[in-house]
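Full structure from sequences and hints, please.
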Amino acid sequence: MQLLDPTHELRPAARPRARRIAGLEGTTVGLLDISKPRGDVFLDRLQALLEQRGARVERFRKPTFTRNAPPDLRREIAERCHAVVEALAD
Amino acid sequence: MKIRRGQGGSDGWSAVSCSAMSPSAPATAQPGDAQPLADGWVVVVKSDCPTCSLVAGALQRLQRAPEPLQVVAQDHPIGFLDELGIPTALDHELLLSHRLEVDTVPTLLVRRGGDSVGRAVGWNRAEWRRLTGIEDLGEGLPEQRPGCGALNLQSPHAERLALLDRGGPLARSVEIGDEEDPIEACFRRGWSDGLPVVPPTAERVQRMLGGTRRDPAEVLARVAPDYGVCTVEKAAINAVMAGCLPEYLPIVLTAIEAACSEPFNWHGLAATTYFSGPVVVVNGPVASRIGMNSGVNALGQGNRANSTIGRALQLTLRNVGGVVPGGIDRATLGNPGKLSLCFTENEDWRDDPAAWGSLAAERGVEAGRSAVTLFAGEGPRGIVDQLSRTPESLAWSLAAGLRSVAHPKLVLGFDALLVLSPEHCRVIDQAGWSRARLRGELLERLQLPLAEIERGAGGCAEGVAKDRLPDPAPEKLPKLRPDALLLARAGGGAGLFSAVLGGWVGGSTGSIPVTRAVEELG
Numbered sequence: 005m006q007l008l009d010p011t012h013e014l015r016p017a018a019r020p021r022a023r024r025i026a027g028l029e030g031t032t033v034g035l036l037d038i039s040k041p042r043g044d045v046f047l048d049r050l051q052a053l054l055e056q057r058g059a060r061v062e063r064f065r066k067p068t069f070t071r072n073a074p075p076d077l078r079r080e081i082a083e084r085c086h087a088v089v090e091a092l093a094d
Numbered sequence: 004m005k006i007r008r009g010q011g012g013s014d015g016w017s018a019v020s021c022s023a024m025s026p027s028a029p030a031t032a033q034p035g036d037a038q039p040l041a042d043g044w045v046v047v048v049k050s051d052c053p054t055c056s057l058v059a060g061a062l063q064r065l066q067r068a069p070e071p072l073q074v075v076a077q078d079h080p081i082g083f084l085d086e087l088g089i090p091t092a093l094d095h096e097l098l099l100s101h102r103l104e105v106d107t108v109p110t111l112l113v114r115r116g117g118d119s120v121g122r123a124v125g126w127n128r129a130e131w132r133r134l135t136g137i138e139d140l141g142e143g144l145p146e147q148r149p150g151c152g153a154l155n156l157q158s159p160h161a162e163r164l165a166l167l168d169r170g171g172p173l174a175r176s177v178e179i180g181d182e183e184d185p186i187e188a189c190f191r192r193g194w195s196d197g198l199p200v201v202p203p204t205a206e207r208v209q210r211m212l213g214g215t216r217r218d219p220a221e222v223l224a225r226v227a228p229d230y231g232v233c234t235v236e237k238a239a240i241n242a243v244m245a246g247c248l249p250e251y252l253p254i255v256l257t258a259i260e261a262a263c264s265e266p267f268n269w270h271g272l273a274a275t276t277y278f279s280g281p282v283v284v285v286n287g288p289v290a291s292r293i294g295m296n297s298g299v300n301a302l303g304q305g306n307r308a309n310s311t312i313g314r315a316l317q318l319t320l321r322n323v324g325g326v327v328p329g330g331i332d333r334a335t336l337g338n339p340g341k342l343s344l345c346f347t348e349n350e351d352w353r354d355d356p357a358a359w360g361s362l363a364a365e366r367g368v369e370a371g372r373s374a375v376t377l378f379a380g381e382g383p384r385g386i387v388d389q390l391s392r393t394p395e396s397l398a399w400s401l402a403a404g405l406r407s408v409a410h411p412k413l414v415l416g417f418d419a420l421l422v423l424s425p426e427h428c429r430v431i432d433q434a435g436w437s438r439a440r441l442r443g444e445l446l447e448r449l450q451l452p453l454a455e456i457e458r459g460a461g462g463c464a465e466g467v468a469k470d471r472l473p474d475p476a477p478e479k480l481p482k483l484r485p486d487a488l489l490l491a492r493a494g495g496g497a498g499l500f501s502a503v504l505g506g507w508v509g510g511s512t513g514s515i516p517v518t519r520a521v522e523e524l525g
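Line by line, the protein sequences give chains C and F. One point on numbering: in the numbering used here, the residue at position 46 of the first sequence is 50, and numbering is uninterrupted. One point on numbering: in the numbering used here, the residue at position 408 of the second sequence is 411, and numbering is uninterrupted.
Honestly, the hints are just simulated from the structure, not real lab data. It is possible that part of the hints are untrue.
[To be verified] Cut-off 20 Å, straight-line C-alpha distance, at most; resulting in silico cross-link-like pairs (SDA-like, lysine to any residue):
1) F:LYS479 to F:GLN450
2) C:LYS40 to F:LEU413
3) F:LYS469 to C:LEU92
4) F:LYS469 to F:ARG519
5) C:LYS40 to F:GLY367
Here the structure is a predicted model, which means the values were calculated and not measured.
Below, the structure is given as structure tokens:
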């Protein structure tokens, strides 16, 4: 018996992971707040800890946690930061 | 936008195989024995057709005429022709009948230069005489007898032939082993929502596609989060699996388009930790035409259309979008409506339906047209009020139910769909309240004192953050935005209960309900 495939029939593209950063000294770390309540509390604390260890921190914010980050925001983070931490609060 | 198939299709004529047979010859078709149809008379018959049997003598008369006669048999043996020694050619796989667009047997065709230049359907003595020029043809037969339905229009032949016409399915075919149970095979491949599905064979999918005029290759949407391409055919495959009938398909297609529209924000809804899923409300004449339930147990089980339309949407979103619980679907608890939550409004209202209108009409769809509204909602929770006999009193109960959405101390974040039962509607209608009046009265009763809802009030940490409000803070805050409250009527005639379906994050930061007209077969 033959059945028709109900799925999207896609195969995910395999991409290599970005190169890992060697250390925090002199590194720019982006902190992305997805706009959930109390995400800022977590990121404020993280920023303090990162800065203590010599990292420079840049803060970013998604307009709403319910939607994908806008492409411009993703590009801006990629261009300005060596690493990013996304705060998935709940 | 349409997608293209990777393989070539059949050209039809080259696949036609007609094997000449005589009464003594076995009815064996010769695969690949393509024969062009010669000029002359062609009569198409089948074995169990009384009218075909009736005209056997007339065929014998045609056989004696100088004009070549080919009798095409849709099946075999044709006993009533064999007895008279009239040879037949078997229409192997019914391709010839299909190409000649035969819908009734017997059909008499006059062929000239490779075309049909005359056609008589069923038995009509005058017409057969006119086309053949034989004045005594059918002497002794009745003037007229209707024919029977041609086999090429019957299932499963009709679906197989339609598939050939479009060059086969677009979707990948998956071979299931002879020893494999096809339902279990669907489970194993992860195609199911946890309940058995109808195995989507090409013939079933083709039958489903008969419910729409839309091209199977038309792209309805790219479905998040994997952004898989959902064609009309892909939707039909999932509709088959859900158990839909073909006449439900236009609603399923519209629901998929609505769910994948930008305002509805399926990507976010699919991934949320919250309870919600897509709730489908159907309005307009299509609902009663396909037998949807707006009455007793309208939000429950038991009606095929209600149960399978919502399921077809969910299966499509799962299979084409790649949404799997525990994968992108992160719902903490979910709700049983994520299998299917679909109902239709009761628009046949006994007092004055026009005065109240429908959900779709309120949302801009022309009266009399069918439409689908998608709402990101939870399952229903009941609101009991058996004592109110004035709408003012009842509105307080309904407002109390609405206040409970998400949390009684949280405001403005969540939409709601209020489903009003007939007995509650009677109280509202008898006072002459319109839809707008009821909404206004509810919103007024949902102006909540800040002192009751701020964080910490009543000994409960949850609530509104006062320090995020403008200074000076307002004394009251609205529970709902004015456009965040949808009203619908449904339910059985007994029971002073209504239901509220809490929404997900509302407005442009979350999901906005979407209403779309359904493109129906005329």
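Against the structure, the hints:
{"no.": "1", "hint": "F:LYS479 to F:GLN450", "in the structure": "6 Å, holds"}
{"no.": "2", "hint": "C:LYS40 to F:LEU413", "in the structure": "15 Å, holds"}
{"no.": "3", "hint": "F:LYS469 to C:LEU92", "in the structure": "24 Å, violated"}
{"no.": "4", "hint": "F:LYS469 to F:ARG519", "in the structure": "39 Å, violated"}
{"no.": "5", "hint": "C:LYS40 to F:GLY367", "in the structure": "33 Å, violated"}
Of the numbered hints listed earlier, those contradicted by the structure are 3, 4, 5.
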